[in-house]
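**Q** Top line first, the protein sequences correspond to chains A and B.
So the number in the numbering used here is just where the residue sits in the first sequence, counting from 1, plus 767.
So the number in the numbering used here is just where the residue sits in the second sequence, counting from 1, plus 4.
Just so you know, these hints were derived from the structure itself, not from any lab.
Heads up, some of the hints might be wrong.
[Claimed, not checked] No farther apart than 25 Å at their CA atoms in a straight line, the calculated lysine-lysine pairs in the BS3-like style are these:
hint, chain 1, residue 1, chain 2, residue 2
1, B, K136, A, K1195
2, A, K1021, B, K140
3, B, K116, A, K773
4, B, K140, A, K787
5, B, K129, B, K179
6, B, K179, B, K14
7, A, K1021, B, K63
8, A, K787, B, K99
9, A, K787, A, K1021
10, B, K85, B, K136
11, A, K787, B, K136
12, A, K1195, B, K63
13, A, K773, B, K85
14, A, K773, B, K140
15, A, K917, A, K855
16, A, K1021, B, K149
17, B, K29, A, K773
18, B, K191, B, K129
19, B, K99, A, K773
20, B, K99, A, K1021
21, B, K63, B, K74
22, B, K227, B, K85
23, A, K888, A, K863
24, B, K149, A, K787
[As the list claims (entries may be wrong)] A short, non-exhaustive set of chain B residues, derived as facing chain A with CB atoms under 8 Å:
hint, residue
25, K14
26, S60
27, Q61
28, A77
29, A81
30, K84
31, P91
32, K99
33, L100
34, E104
35, Y113
36, G114
37, K116
For glycine and all other residues, C-beta sits at the position ideal for the given N, C-alpha and C.
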Amino acid sequence: MWLKFKASVIKESLLLMRDKAGLAMLFVMPMALILIMSLLQESTLKKLEERHTPILVINNDNDSLGAHIVAGLNETEFFELHQTIDGKPLNVQQLKELVTDGKYRVGIVISKGASDALRNKIKYEIQQQFPPEEGPLFSPPPDPGKPLPKIDVYFDPITQSAFKQAVMSALNEFFYAVEAGMVMEIYAGMLNDIVGIELQKAADFKNMINLTEKSSVGKEEKIIIPKPAQHNVPAWTIFAMFFIVIPLAGNIIKERESGMSLRLRTLPGSNLSVILGKAGVYFVVGMVQAASMLLLGMYILPLFGMASLTVGSGLPALLIVTIAVSLAATGYGILIGTVSTTQEQSSIFGSISVVILAALGGIWVPIFMMTETMVKVSKLSPLNWGLNAYYDIFLRNEPVSGILHYALYLLAFAMACIMAAWLYNRYKNLR
Amino acid sequence: MSSPPIIEIKHLTKRYHHADEPAVKNLDMKINRGEIFGLLGPNGAGKTTTISILCSQIKADEGEININGKNLATEAAQIKKIIGVVPQEIALYQKLTAYENLKFFGNMYGLKGEDLKDRIISRAKAFGLEQKLHRKVDTFSGGMKRRVNLMAGILHRPRILILDEPTVGIDVQSKNVIIEYLQYLNKNEETTIVYTSHLMEEAERFCTHIAILDMGKIVTEGKPEELISGYPSCNNLEDIFLLLTGRSLRD
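Just chain A, with the same shape it has in the complex (with noise of 0.2 Å):
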């Protein structure tokens, strides 16, 4: 048994290594997918961040609501604030055109008297908290018939609503602290009015509430944040080691078009061996491939620019994931190269299903980008499940616990495939 297992390996590895073709769709074509799609999203990445959206302000106000915008917009990091083309000042009809056509995200236009209109309105609010035989705390009094202030937000036709909600958040923001600012104002002269002091300059009333994004991950120092080396390297390594298929599935079907799968048959012992060998010694490239992924997602990423995978402290919990996903890969090879007829049909059969397997399980398209029906449908994809717990490793430190549902649907695809392959040839061979 031990000879015949150690023969079908030597046999195997030899087999594979000098197949240069397969050997470069194994290890150079899956290295090169990760270093081009990892520099294709850094990039992207980095543009998005270093891309302000450049807006427009009409600002007819020239008093303290519009400046306090003006002021407020151009301190955020997100907006770039044009008032002038060509250093001429804008109008209303040029600004409404740049938007729609595309030129700006945003236009906004802050009406000529804002500031009165906003002091007016809060001026009566505050007399309206007074009973009215206190008679009118203001002079001139407020007028409550003045329409409110008035500031118009023009979007591009095709901005999203959930930019749009961005935005106007923020101008809600800069409204809030203008009006917050106003009534303090007001308050202060009716103080110095009535008991004769005048309070200093307000002290800073903005951040008076601590608001800190945290992340859920339970250890502080061991946070990860996700980069694209965090999404490329496990899902092409994923992606790869399920390419193993089509040189596997060929070297089934060859085997069986020379004879020698046949020939295999008329010798003495089980041929359990034998299998075990040709499965060990790609399941062997499997693990290997998935180490040379990961080190090129430490060490080979970071001499491009780009941030490095980080693997974190979950060690156990990886090589538990990448056994069930070379095992995974494995079975299913075993299963495509004993129902595939010809060579062509495998490799077909077998390079497309593992693209849709790819596909529907998050490999090109993240899952968190997919709509919710889809969202389901990668939970089918076992190649979904290999990423959901690289995912879990790399990016939430989960333990082997934390993952081992994920490798045990893989183990339980790999027994399936090779139990269905099985079958199948046991029917075949009884016809």
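Starting from the known structure of chain A, fit chain B onto it as the hints suggest.
**A** Same frame as chain A, but now just chain B:
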């Protein structure tokens, strides 16, 4: 008293899925120890099916086969140890060298170490391949591949050697080497040889016993010279073959 046949086939029937007629129909056949048994017949006669069943490549639907006193259905593992099989196809790993292929097959039969190495080298000498053992099989000529194909089936010194058209499509020299070596094995290692071929002249010269199969049944059998004398209108085996199986095409 004569020794019992080394292979005894009783009422063997095999029908393939979707086939109208069985490939082998109620076949009875005995092969004696030390014979070179030629199984001849037109395409589709049932030769390869019979051989495939003997080699445990496929299962029979009905019938019983005893090989060296053991039942094939229940003791296949024991039987496989004493059988060598040389398929019609070049069932070798093309990207491995001849030596690597032979080592693999030797290991499959439980051979290893120096013993296996000696066997490979001695067989290679006999087949004129000693200098080419470390070349990849895909660089070999058809005749060389056939010789390696045969070597892979005889490394373990089988008592029964089953060959499916071992000399098809090769040059006269290679054919000659193969036939001479098979005769050497039969004579010196007492190997019983079961052989199929379409080459009537070769079979007539090589075999000690011949059975002609047609439509899954034996239509005649005996020693070549007995067969020829039994059909006065025939001058050779080919005449008998055509007389019994007809001249119409079979595929």
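**Q** Now, for every hint given, state plainly whether the structure supports it.
**A** Here's how the hints hold up against the structure:
no.	hint	result
1	B:K136 - A:K1195	violated, 38 Å
2	A:K1021 - B:K140	holds, 17 Å
3	B:K116 - A:K773	holds, 11 Å
4	B:K140 - A:K787	holds, 15 Å
5	B:K129 - B:K179	holds, 16 Å
6	B:K179 - B:K14	violated, 33 Å
7	A:K1021 - B:K63	holds, 23 Å
8	A:K787 - B:K99	holds, 12 Å
9	A:K787 - A:K1021	holds, 17 Å
10	B:K85 - B:K136	violated, 28 Å
11	A:K787 - B:K136	holds, 23 Å
12	A:K1195 - B:K63	holds, 11 Å
13	A:K773 - B:K85	holds, 19 Å
14	A:K773 - B:K140	holds, 21 Å
15	A:K917 - A:K855	holds, 23 Å
16	A:K1021 - B:K149	holds, 17 Å
17	B:K29 - A:K773	violated, 42 Å
18	B:K191 - B:K129	holds, 19 Å
19	B:K99 - A:K773	holds, 18 Å
20	B:K99 - A:K1021	holds, 12 Å
21	B:K63 - B:K74	holds, 16 Å
22	B:K227 - B:K85	violated, 29 Å
23	A:K888 - A:K863	violated, 29 Å
24	B:K149 - A:K787	holds, 24 Å
25	K14	violated, 21 Å
26	S60	holds, 6 Å
27	Q61	holds, 5 Å
28	A77	violated, 14 Å
29	A81	holds, 6 Å
30	K84	holds, 4 Å
31	P91	holds, 5 Å
32	K99	holds, 5 Å
33	L100	holds, 6 Å
34	E104	holds, 6 Å
35	Y113	holds, 7 Å
36	G114	holds, 6 Å
37	K116	holds, 6 Å
Violation of the numbered hints given earlier is confined to hints 1, 6, 10, 17, 22, 23, 25, 28; the remaining hints are satisfied by the structure.
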